[in-house]
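Participant: Each chain, letter by letter, is given below.
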Amino acid sequence: MKYCWGLYHSKHGQDLKKFLNDLDSESTHRHENINLIVHPQILSRRGRWSFSEFENYISELLAHFSNSNFQINVELQFDILLTEFNFQEKSALLEEWLNLRKKEHRLAHGTWSVRIADVGALNYFSKKMSSMSEHERFDLKFIASSGFNNSDALVGLCTVLNEQNIVLKGIVLSTELPKDEISEIASVLKTPLELQVFGPIPLFYSERKLLSPLVKRNAPSVTPSEENNDASFMVAKGDGEETGHKGFQVEENVNGTFLYLPKQLCLLDCLDLVADSGIEYARIDLDPQLGTEQIERLVRLVYKNNLIDGFEKYKEHYPASLIKGFFLANKTDTLFKKLKNQNLNWSTIVEQMQTQNIQVRYLGDVIDAEKDKMLVVLLKGKGSVLTNDDEMVIRTPEGKDKTHKFRYQEKNIIKPEMHSNENVNGFRVSRAGTGDIIILPWISGVQVGSVVYKKIGPLP
Amino acid sequence: MVARTHYPELLAPAGSLEKLRIATLYGADAVYLSGQNFGLRQAADNFSLEELEEGIDFAHRHGTKTYLTLNSFFHNRDFKGMESFLQFLKFHKADALIISDLGALSLAKKVGLPVHLSTQASCLNSESGKFWHRAGVERLILGREVSIAEAGAIKKSTGLEVELFIHGSMCMSYSGHCVISNFTSGRDSNRGGCAHSCRFEYNLKVEEEIGSREPDSQCSSQSNAGEQFQGRSYFMSSKDLNGIDLLPQFIEHKIDSLKIEGRNKGPLYAATVTKVYRYAIDQMAKNGKLSIEELTVLQSELGKMSHRDYTPASLVQKASEDSIYDKRESEDNRYPFAGTVLAIMENKSVLLEVKTAIEDGDVLEVLQEGGNFLTLNLREIYNILGERIKRSRPSSVIRLPFVDGLKIGQLVRKVNQSEANLGSLYGERTNMGLDAPFKGESVI
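So the protein sequences, as listed, match chains A and B.
Reading the first sequence from the start, the letters are residues 20 to 479 in the numbering used here.
Reading the second sequence from the start, the letters are residues 54 to 497 in the numbering used here.
Hints are not guaranteed to be accurate.
Stated by the list, open to error - No more than 20 Å apart at the CA atoms, straight line, and that leaves these computed lysine to any residue pairs for SDA-like:
hint: 1; chain 1: A; residue 1: K36; chain 2: A; residue 2: S132
hint: 2; chain 1: B; residue 1: K318; chain 2: B; residue 2: Q463
hint: 3; chain 1: A; residue 1: K401; chain 2: B; residue 2: G88
hint: 4; chain 1: B; residue 1: K401; chain 2: A; residue 2: P435
hint: 5; chain 1: A; residue 1: K188; chain 2: A; residue 2: M411
hint: 6; chain 1: A; residue 1: K421; chain 2: A; residue 2: P435
hint: 7; chain 1: A; residue 1: K434; chain 2: B; residue 2: G88
hint: 8; chain 1: A; residue 1: K209; chain 2: A; residue 2: T178
hint: 9; chain 1: A; residue 1: K434; chain 2: B; residue 2: K162
hint: 10; chain 1: B; residue 1: K162; chain 2: B; residue 2: E136
hint: 11; chain 1: B; residue 1: K163; chain 2: A; residue 2: S170
hint: 12; chain 1: A; residue 1: K256; chain 2: B; residue 2: K258
hint: 13; chain 1: A; residue 1: K434; chain 2: B; residue 2: K318
hint: 14; chain 1: B; residue 1: K408; chain 2: A; residue 2: I458
hint: 15; chain 1: A; residue 1: K235; chain 2: B; residue 2: D379
hint: 16; chain 1: B; residue 1: K163; chain 2: B; residue 2: H186
hint: 17; chain 1: B; residue 1: K258; chain 2: B; residue 2: E374
Derived by calculation from the structure, the hints in this document are not laboratory data.
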């Protein structure tokens, strides 16, 4: 497995370059393929790099690693989302930068890539690539962080791109995917897959500025610097009123507002499972606040292959709690179903009756219930019919079934539009059907919302 | 109803069969709804297969289109049963599917159903639109961050139909880019389990940092400018979208469909918002404009529903700090949902299925589909058996004297006494006093 390093600012870039250089000089070290992900401020959600820092960095990497054991691949993170007019503005800048990159060097024995989260940006770069010569081209990776959580969607993505002769060099999978699902995806996808294995967990991304208004409100005379300075940003710790909503890291910058979980992701002690699931690239995102020493220790842990023993010690000094996220299991789709009263769910009732080999028909709902006096039922079911001596069953919210034999009594059937107690054929109303309202004697335990149905015999 | 060539479709939420019927009768050109699975509003009642069949049929009989939402972010196992569900929808002639996922999209194309791209996919620009066009979608439901002018440009550039939200609650996050519930509540916000963490109050300590955020090895977590704010705030809660004033711009930029958010909201919301926007679009088609007086009245009607403060959000320019709803949510009970007309006994009485307690002396307003509100001043009320009562129970059936002009299924709201004498909507108000039960007499 290969490692990718997410670098939010140039200081971490310099740190990493130094530590990799140190490792390189240790003669025992084997050949490694390393991806360095640079997050420029203007294109990424959390990054602080300027383009000039990025360009200089590439030059420095060339100088340092041209004859090393490391093959360095540089990746440019472009994960902000842009509406139409902002995209047009940014595309002028991207155009300029692409022209520069065409003229400038390629990495001596590495590659460079652009990592994209918006299919719009992917489409834009695909078009640009189609007009480039082979040696000018760069690799494209797609960050499938939102809505590409299944094999068919990812295969579909590749198919659409293939029609433009674009082959992705990598897909970054969502951390919401558990290992079993990753394995399924890996088994049908030829594109190399990447997964975050360490670092901050992003939770929320808004284009709106959500912190600076608070600062303004606090000191109306002070204009937050960010309005005049794209390089400024605000950070906050946020504690919510509900359980589980404590210690959020909130950041506002020129690209919007972002929220991070106080706990961070760590799969470093189960990398064998990550590799077994079919992941080719393991990504380590360096928390922007990590100090030099912590980064050096992390680099050595990773490349000296001493992860399990060494990591326990590293964890003790790490500034955040570490969790495995959803990698081992993801059950976030199961709890919500419990919020509805399944006792009154018609599908549940049908299933329960089927186990008893009974076929049932929905009649309607109880819409009024006055203790010791009456129940009112609105017959809603398609083709509902009730005649004398029909047995109806009333399912209460508690899940109990109450049976009642329907008896016609004068005025206990109300047609929605009545001109008299006679129907159009002149017969007295003595049978109730869909849309009718029937009045029954009070039945203990039955409440408004109870479901009324009829057993119509054994299953065919 | 006025012919609406070149005027946008009004697309209303149908969280249940009842709400589908209401949205249809109160003027929606199309409704969006969900089956029991595959949609994002798992808290809504949603539709069983039988209800879907009935609902689609009802809508079509009234000339209303039906769009089925399958806009979860699906995992592999979530596809179980999807193809047969799509075949069912195809058989019953659902008009389109709302989808955010390429996997579901490929199934929909296989079955042969038109696809609208869900706002969950955060399609924000024409490059994205072109990608989805190649993938096979026929309409883009654009992200709420897109302005009307941008939507017009995207339509022009892609040649696809575009749909924008015009009214309702808003995510503060880009749609599909919030997973707070997943990590804090164990509920997948993009598979119907959103816990609305953005509506909570947070205690915040804000610091401003200037310049590149590079940690100093001695002091890596210190900010440069220090603490700027400490206190409590609902900083992630958005005001509700309200774009009625901008209707001329939607029309100018040829937006194809105007969507009302709110499948989880009640029947009165579905009726009121649909009725208001129906009236506004029809007036635009008829007169080419809405007068200031009309807009004032329409805004007043939208203000009568329980809602957060309104904002145009990013429809004209990027949503500013004014779009944040920094206060605790509270129910506005000035015009609560009273109930629905359940049955009419000609010249005798009317049955109302009431949701809130009603007592004699209350003033009710009946929302008629096309025209005025009908005001009922209640002097006596009865239970379904015809026994005089002073006050009804919530969720019960009451009997009122016969009132001419009522129709089964019309919605009724209760008017808080302090609001009862305010101005009317859409012209003259019909005022009916009810003082004699079961005689069929009404006093105007």
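Participant: Would you mind marking each hint as holding or not holding in the structure?
Facilitator: Consistency of the hints with the structure:
This hinted pair checks out: K36 of chain A and S132 of chain A have alpha carbons roughly 18 Å apart, not beyond 20 Å. Taken as a hint, the K318 of chain B and Q463 of chain B pair is honoured in the structure, with Cα atoms around 17 Å apart against an allowance of 20 Å. With a CA separation close to 18 Å, the supplied pair K401 of chain A and G88 of chain B stays within the 20 Å bound. Proximity of K401 of chain B to P435 of chain A is assessed by CA-CA distance (about 13 Å); at most 20 Å being required, the pair is judged to hold.
For the proposed pair K188 of chain A and M411 of chain A, the alpha carbon gap of about 63 Å is over 20 Å, so the pair is violated. A C-alpha spacing of about 26 Å is found between K421 of chain A and P435 of chain A, which places the hinted pair above 20 Å, so the restraint is violated. A C-alpha spacing of about 30 Å is found between K434 of chain A and G88 of chain B, which places the hinted pair above 20 Å, so the restraint is violated. Annotation: proposed proximity of K209 of chain A to T178 of chain A holds, straight-line Cα distance about 12 Å (limit 20 Å).
Simply put, K434 of chain A and K162 of chain B have alpha-carbon atoms about 45 Å apart, too far for the 20 Å limit, and the pair is violated. Among the hinted pairs, K162 of chain B with E136 of chain B is consistent with the structure: their alpha-carbon atoms are about 11 Å apart, no more than 20 Å. A C-alpha spacing of about 17 Å is found between K163 of chain B and S170 of chain A, which places the hinted pair at or below 20 Å, so the restraint holds. Of the pairs offered as hints, the one joining K256 of chain A and K258 of chain B holds, with about 6 Å between alpha carbons and a cut-off of 20 Å not exceeded.
In summary, the hint linking K434 of chain A to K318 of chain B is not supported, as the alpha carbons are separated by about 29 Å, beyond the 20 Å threshold. A distance of roughly 18 Å separates the Cα atoms of K408 of chain B and I458 of chain A; the hinted pair therefore holds under the 20 Å criterion. For the proposed pair K235 of chain A and D379 of chain B, the alpha carbon gap of about 14 Å is at most 20 Å, so the pair holds. A C-alpha spacing of about 16 Å is found between K163 of chain B and H186 of chain B, which places the hinted pair at or below 20 Å, so the restraint holds.
For the proposed pair K258 of chain B and E374 of chain B, the alpha carbon gap of about 18 Å is at most 20 Å, so the pair holds.
Violated hints for the displayed structure, listed by number in ascending order: 5, 6, 7, 9, 13.
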